[in-house]
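*Asks:* Sequence:
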Amino acid sequence: MGVIATSVALNLAKEANLDLVEVAPNAKPPVAKLIDYGKFKYNEKIKAREARRNQSTAEIKEIRFRLKIDDHDFDVKKGHVTRFLNGGDKVKVTIMLRGREISRPIGGVELLQRLADDVAEYGTIESKPKQEGRNIIMTLAPKGKKVHTQSEQRRRGAESRAERQARQAARLAAKQEAQAQAVAEAKASVSPQTSDMKKQTSKEGSNAEDEN
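When the sequence shown is numbered by my numbering, its final residue is 1178 and no position is left out of the sequence of numbers.
A hint or two may mislead.
16 Å max Cα-Cα, derived EDC-like pairs, lysine to aspartate or glutamate [as the list claims (entries may be wrong)]:
(1) 1043 to 1028
(2) 1109 to 1025
(3) 1058 to 1098
(4) 1058 to 1028
(5) 1109 to 1092
(6) 1096 to 1067
(7) 1109 to 1087
(8) 999 to 988
(9) 1141 to 985
(10) 1109 to 1084
(11) 1005 to 1143
(12) 1044 to 1083
(13) 1058 to 1025
(14) 1056 to 1092
(15) 1056 to 1028
(16) 1153 to 981
(17) 1034 to 1076
(18) 1096 to 1076
(19) 980 to 1151
(20) 1034 to 1067
(21) 1094 to 1083
(22) 1056 to 1025
(23) 1094 to 1076
(24) 999 to 981
(25) 1007 to 985
(26) 1043 to 1083
(27) 1044 to 1028
(28) 1141 to 981
(29) 1109 to 1151
(30) 1056 to 1087
(31) 1141 to 1002
(32) 1058 to 1092
Ranges of calculated distance between the beta carbons of each label pair, as one might list FRET restraints [unchecked claim]:
(33) 971 to 1015: 34 to 42 Å
(34) 968 to 1142: 18 to 26 Å
(35) 1015 to 1143: 49 to 57 Å
(36) 1004 to 1127: 19 to 27 Å
(37) 1139 to 995: 24 to 32 Å
It should be emphasised that the hints constitute simulated quantities derived from the structure, not laboratory data. Being a predicted model, the structure only gives us computed values, none of them experimental. Beta carbons: idealized from backbone N, C-alpha and C, even for Gly.
Build out the structure end to end from the sequences listed, making use of the hints.
*Replies:* If you want it as structure tokens, here you go:
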């Protein structure tokens, strides 16, 4: 709106039901904006929350096997591993040994290698099979860029949030358009008053000169 007096700017903000916020106090002259400050702070909070949410893009899921697992159960658990890897999550696979199985860990290593070969299209071995007490553990990681993608559940949540934000943005745009129109009308009503004040001041100055 150009350079205007602070009192005029305050009147404009009041007429438009907005806040006069100083954004560049060291400028010559200082720069201020007419905004809804409460809405501005709310949007900043939403942006910060989204940034924190997007920082953690991969989780570690865990699947447990018995050494003597039948083929059907193996295929079911392999399906879970595939789904997790496709969702961008790492998978910790644990073989639980019982009784004398602990003295023959080679069978658990072979089972883990079989699983890794079956899901090689979707993930790679990040941590090779190693024995920890009665368990043998291996970690699988998604292939390529999938490590940095969100899981299926988070993606659905992100899509839902995007739709809500689009609706909010549309409502906000409509509100800002109405506020801009109100500011323009308020400015139009203030301008004649300012002009009249200048004319009055000029007239008084002229009268003073005549008296001199």
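*Asks:* Among the hints numbered above, which are violated by the structure, and what are their numbers in rising order?
*Replies:* 29 and 35
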